[in-house]
Amino acid sequence: MNLRDAYSNKWLGFFQVTLLYILQNINAYLVIPNYNLIKQNLKVSDIYLGIMTGGYLFLNGLAALLWSYASDVRGLKRKILLASSYFSGGILTLLASISPHPYLILLFWILTGGSLGAIIPLGFSIISDLFEREKRTSIYMLWYTLGGVGLAIGYAIAIFLGVNYGWRRPLFIGAFTLIIIGVPLCFSLWEPPRGISEVENIKPYRYSYPYKFRPQDIGLILSNKSNIYVALQGFFGTIPNGVLFTWSLQFLIREVRVNEIGATIILGIASTGALGGLALSYVTDKLYKKEVIYRPLVAAICSFSEGILFAVFFSLPIKLNIYTDDVASALHKILEAMISNTLVLTAVLIFFIAMFFNSSVGPIRNSVLSDINLPEHRATVLSAIVIMELFSKAIGITIVGILSDVLNTLRYPMIAVMLIWVLSGIAWLKVANYYTMDAQKIRDIIMDRMKYLETNE
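Our numbering numbers the first residue of the sequence shown as 12 and each following residue consecutively.
It is worth saying that the hints were derived from the structure and are not from the lab. Where hints are given, some of them may not hold.
Okay, derived cross-link-like pairs now, BS3-like style, lysine-lysine, Cα gap no bigger than 30 angstroms in a straight line [said to hold, decoys possible]:
#1 K146 <-> K50
#2 K441 <-> K301
#3 K462 <-> K301
#4 K236 <-> K452
#5 K330 <-> K344
#6 K21 <-> K297
Listed next, with one range per pair, are the computed distances between beta-carbon atoms [unchecked claim]:
#7 S326 <-> M399: 21 to 31 angstroms
#8 S351 <-> Y176: 52 to 62 angstroms
#9 Y293 <-> L327: 24 to 34 angstroms
The beta-carbon is built from N, C-alpha and C at its ideal position, and this holds for glycine as well.
Between the sequences and the hints, there should be enough to build the whole structure, so can you do that?
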């Protein structure tokens, strides 16, 4: 393959990986909006619901390491691994939708999370190979933003089908979506040569990157202190992030007194603040060109800001009492409340601004990791960090479920958990101390390899 021609297909590859990410996000959010329906139908508690989602997310991260091993160590093609991931995920989702017993449903749904654990590390690896380091924060932000369409679609499918046909129907439809759309898309994926984006002067010779992950490489990975502190910020930051996107809907239903449709509309309006992350990520990449340390510094500011703002949001005593199932009517009543009630408007604006800061941290994390790790290490390192993050996410989701049962309120657990983002901000400041040095070390290794490959071509 001519290197110049291969590199010209980067947007095709990005588009395909983004569609796969959208499908995975659709699947992940087919359950959460129907918590109340599941609770009533299966006669289960919030603890069961917390384990259901927390287990899905945790196994999603744990399995990511296995998918990364197959890619980075065994050298298997990423498109084949992704096809296997989406086919098995579809089958397990189907089994969860038709299983009669709560424990079987729980088992199959958690296994689905593990099956679909491939897209995050392998998508991250593919995008790192597609785009230059100076553009990666913006590209990852675009990936996350477009992938967020999947969250919206998943919510919409779950609520519409759940209200009209029961909570099992969204899972049934989601299963066939993964198999019918996801699997063919994986097989048609344009997979770039590994490490291609690290070649700074593209030349028309045949390119191959022969390096694979070796056990002795663990020493190099751990010697980059930036890796350690990125992992720590993820551990702390994922606890509130997981709780936010799992329990916010239920918080609005139970504490603000709206139904699922009203809660979804409120979250939809307030969450548009995340679109501002596209601009913030672009600015971060521009600052990066001047001084690489700006990436972790911006992430630190975002972490501090979102933690405080979300804590304030969940502390506001708002009661709307909106229970209409008509979407237009619910939207009208919510907008009317925002116009007439200053407290409601303030709450929505606070959530909006908090989402602006929230949305850029993940893309910055990914761009930092791509800078401080070799191409054959990236998926594995991200997977290891994702395992830690999803473990903390699962713990956070489960603990909030337990506290909700014990305290009979979601308000105070939500406020306390949001403040953990402050610890994430402190960890980002520690990343800033080592990032420049670690990134340069990896850049030097890569450039020495490129010179060697060119010389021996």
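List of violated hint numbers, smallest to largest:
Checked against the structure, the hints that fail are numbers 1 and 8, while the rest are satisfied.
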